[in-house]
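Asks: Each chain is listed here by its residues.
2 protein chains.
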Amino acid sequence: MRITQLFTKTSKTVPADEAAKNAQLLIQAGYVYKVMAGVYAYTPLGLRVLENIKSIVREEMNAVNGQEIIMSSLQRKETWEGTGRWDDEVVDVWFKSKLKDDTEVGFGWSHEEAILEMMQQFIKSYKDLPTSVYQFQTKLRNELRAKSGIMRGREFVMKDMYSLHATQEDMDQYYDKVIEAYKRAYERLGLGDSTFVTFASGGAFTKFSHEFQTICDAGEDILYVNDDRTVAVNEEVLDDAANELGIDKNDLQAVKSAEVGNIFKFGTEKAEKMGVYYTDSDGTQKPIYLASYGIGITRVMGVIVEKFADEKGIVWPESVAPYRVYLVRIGGEEATKRADDLYAELASKGVDVLYDDRDERPGTKFADSELMGIPHRVTVSDRLNESQKYEYTVRNTGETVELTQHELLVKLVTE
Amino acid sequence: MRITQLFTKTSKTVPADEAAKNAQLLIQAGYVYKVMAGVYAYTPLGLRVLENIKSIVREEMNAVNGQEIIMSSLQRKETWEGTGRWDDEVVDVWFKSKLKDDTEVGFGWSHEEAILEMMQQFIKSYKDLPTSVYQFQTKLRNELRAKSGIMRGREFVMKDMYSLHATQEDMDQYYDKVIEAYKRAYERLGLGDSTFVTFASGGAFTKFSHEFQTICDAGEDILYVNDDRTVAVNEEVLDDAANELGIDKNDLQAVKSAEVGNIFKFGTEKAEKMGVYYTDSDGTQKPIYLASYGIGITRVMGVIVEKFADEKGIVWPESVAPYRVYLVRIGGEEATKRADDLYAELASKGVDVLYDDRDERPGTKFADSELMGIPHRVTVSDRLNESQKYEYTVRNTGETVELTQHELLVKLVTE
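Chains as they are written, first to last, in this note's numbering: chain L, 304 to 718; chain G, 304 to 718.
The set of hints was computed from the structure by calculation and includes no laboratory data. Possibly wrong hints are sitting among the right ones.
[Stated by the list, open to error] Straight line, CA to CA, 16 Å or less: simulated EDC-like cross-link-like pairs of lysine to aspartate or glutamate:
#1 312(L) <-> 431(G)
#2 430(G) <-> 663(L)
#3 403(L) <-> 446(G)
#4 401(G) <-> 395(L)
#5 403(G) <-> 446(L)
#6 486(L) <-> 496(L)
#7 401(G) <-> 391(L)
#8 430(L) <-> 663(G)
#9 312(G) <-> 431(L)
#10 510(L) <-> 538(L)
#11 450(G) <-> 404(L)
#12 610(L) <-> 523(L)
#13 692(L) <-> 705(L)
#14 403(L) <-> 391(G)
[As the list claims (entries may be wrong)] Across the chosen pairs, the derived CB separations fall in these ranges:
#15 665(L) <-> 586(G): 24 to 32 Å
#16 476(L) <-> 312(G): 23 to 31 Å
#17 366(G) <-> 653(L): 16 to 24 Å
#18 381(G) <-> 691(L): 49 to 57 Å
#19 366(G) <-> 476(L): 44 to 52 Å
#20 691(G) <-> 406(L): 58 to 66 Å
#21 520(L) <-> 699(G): 58 to 66 Å
#22 486(L) <-> 401(G): 39 to 47 Å
#23 584(L) <-> 312(G): 15 to 23 Å
Where a beta carbon is used, it is the ideal one built from N, C-alpha and C, also for glycine.
With the hints as extra help, turn the sequences into a complete structure.
Replies: Structural data, given as structure tokens:
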């Protein structure tokens, strides 16, 4: 993509109405546009990051036989009454409206009840179990405050997966498989080293649920971790979990963290409340076991920004960066021709390049490449016309070297 | 995909609460699930069709330099007040709700005003023009009635593109380019022969807009076409258009049709009402020219079902079918091994196969393959174990031949 073709622009002004670093940087770099507090549109750059995150999560969900679907935003009152969760006293984030005939409708803030109601139509027998479905859905939540940028929005994208089972053993086994899939996903998203499977509060069926918490100063949670970081516990269940694990809570260290995923065993609780049964091999009717698995896609994007950004701007991990290379052109006709040629060469080799073909000062181009956080920068300048070399800079280290075209291609195409 | 792994099931029962053929067939074949009137969830099969349609449209929008973004569903009142379209008397399909502090919010039924408001932040000078952005957005419309299945929903997916220009000439030229892009898209979607660029009612800026209308018995519109089908006019502007074109309206023939796209020149109307100006090369402030271009993605899916379905079920064009091949296994161990091998062989060659590995009667498998509308059916049966041949059937003609593996692969991989 040539930057002259991109409609977004970077801005040096920190948005006055944004307290969160992620929103400030994403707006300044042209990744998102603020519609209202907690509601953002995603520009071509932002959408590319989101799609990269979704692709990684999709691959890992497919690897545990998740089947992708897409549910609706509009929700029927009756779907949520069985579990008592239509009530605004129980769920205080509903957006609701009415059809022309005065029928109340809600806008999906979660889809557990909706999924179970749908699956009831397809799951009749033990032979139909287990099964697992997931979606990337835009969730709407009427949050009282929305000050964390894209980390907690009134409108956000979530991957939510739901698995249905005939027995607790089967659910437990699958749940453990999903924990491994989640670990792989966060690893690939660049968050592996700082993300922990964490004990969190459970519900009617299990004492604990599990969160995936990423150590992050901008996080809203406090995590207690042990020295070798094999145990992590959310503050809300510290005493209970310490007891359960037989450890002294005073041996744990408190760190700020952001929840990037949450998985939960409902057991047969929802199915019993909603009347969702299957016929077992002996002909008896039994309630379906349900577990749910969420990853906040837009939230992960925000956490990545918060964690890796430096004083110059965003630093994307390779796997989610909107472009792999930021190509800077400096100088006259010859440098322009060399930059055009390199752009074409990299495109032909499948390397995604953002080509800064603007007539701007070098400093402006460098600053924008840093603000945008593209992992690799290549500068084609008159200074290196004679040697036919390229200046190559790594975003996260700032390390700069001069490379021949061959050396550059080896680095960008095969590494 | 093995059918035993797919959670959906086909049904022989026509849904009693659906009048539209598209909804009946899509529900029976397991492509969609009805949440409420006009609101559908898309199963793995349905989502694959939607994504295929989106891919074709995306490629054509990218080909005219459209930049993909994603706006929000939540809308601010202020965004729509400038043009008067917040008013429920003017726009009667708004879903609205309130934030916790009583601020009114709407849910996007269209995004013209929202896009223009956003672009105002990025477009300052004539040098920033022209530009074109598009999204695939879930639109919410509070329709009084919703009886046309996925052809007119309360929640549906639309591709909406918006182009911004400095001059009318530039807008006119781009508009004509988009007409050609749309023609290519409908051609690739299998609707080329029956889809017409149609004169429809205009607005403050132009006498006519253009619709893309597909001849279809389930359509809600009446189209007037001439004998050689070079002219098509929507009933609503028949007199005006006949005058304009210098033709006798009695020479036109009336056919039922469904709108599958609509393109519209706003000119400077919206920008003037919303105060969106650019600085021209002479330093003066001028209003931006705007045109918009919609394709109803879910609607196109419904129209395709309506148009091509026969008494046995859905008939997907190759380009949008969820799978290219429906593989039927009939018989014992040897046929099973042959079918497993063929499934692996086709997968390795990148052919999408839905493998009916169920222990069902042949008649049930054949009926499901026809109901689901997969273009190519391959049957592996004991009867052909000795000859090592495969029975190959084309969905839309019913033509059946026996082929060797080599002949089969030539047909499925390269054609």
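Asks: Evaluate each hint against the coordinates.
Replies: Now the hints, each set against the structure:
1. At most 16 Å may separate the alpha-carbon atoms for a hinted pair to count; residue 312(L) and residue 431(G) meet this at roughly 10 Å.
2. Straight-line distance between C-alpha atoms of residue 430(G) and residue 663(L) comes to about 14 Å, which keeps the hinted pair within the 16 Å bound.
3. At roughly 7 Å between alpha-carbon atoms, residue 403(L) and residue 446(G) fall within 16 Å of each other, so this suggested pair holds.
4. At most 16 Å may separate the alpha-carbon atoms for a hinted pair to count; residue 401(G) and residue 395(L) meet this at roughly 13 Å.
5. Restraint check: the Cα-Cα separation between residue 403(G) and residue 446(L) comes to about 8 Å, which is no more than 16 Å; the hinted pair holds.
6. A distance of roughly 10 Å separates the Cα atoms of residue 486(L) and residue 496(L); the hinted pair therefore holds under the 16 Å criterion.
7. For the hint linking residue 401(G) to residue 391(L), the alpha-carbon distance of about 13 Å falls within 16 Å, and the restraint holds.
8. Distance restraint check for residue 430(L) and residue 663(G): the Cα-Cα separation of roughly 14 Å lies within the 16 Å cut-off, and the hinted pair is therefore satisfied.
9. Between residue 312(G) and residue 431(L), the direct Cα distance comes to roughly 10 Å. Compliance with the 16 Å bound is thereby established for this hinted pair.
10. In summary, the hint linking residue 510(L) to residue 538(L) is supported, as the alpha carbons are separated by about 15 Å, within the 16 Å threshold.
11. Between residue 450(G) and residue 404(L) the CA atoms are separated by roughly 15 Å; this keeps the pair inside 16 Å, and the hint holds.
12. This hinted pair checks out: residue 610(L) and residue 523(L) have alpha carbons roughly 14 Å apart, not beyond 16 Å.
13. Of the supplied pair hints, the one linking residue 692(L) and residue 705(L) holds, its CA atoms being roughly 6 Å apart against a limit of 16 Å.
14. This hinted pair checks out: residue 403(L) and residue 391(G) have alpha carbons roughly 12 Å apart, not beyond 16 Å.
15. For the hinted restraint 24 to 32 Å between residue 665(L) and residue 586(G), the CB-CB distance of approximately 28 Å keeps it satisfied.
16. Between residue 476(L) and residue 312(G) the beta carbon distance is about 25 Å. The supplied range of 23 to 31 Å therefore holds.
17. The given range of 16 to 24 Å is respected by residue 366(G) and residue 653(L), whose C-beta atoms sit roughly 19 Å from each other.
18. A hinted range of 49 to 57 Å holds for the C-beta pair residue 381(G) and residue 691(L), which are about 55 Å apart.
19. A hinted range of 44 to 52 Å for the beta carbons of residue 366(G) and residue 476(L) is consistent with their spacing of about 48 Å.
20. In this structure, residue 691(G) and residue 406(L) meet the distance hint of 58 to 66 Å, their C-beta atoms being roughly 60 Å apart.
21. For residue 520(L) paired with residue 699(G), a C-beta distance near 60 Å keeps the hint of 58 to 66 Å intact.
22. At about 41 Å, the CB distance of residue 486(L) to residue 401(G) agrees with the hint of 39 to 47 Å.
23. In this structure the hint that residue 584(L) and residue 312(G) lie 15 to 23 Å apart at CB holds, the actual value being about 19 Å.
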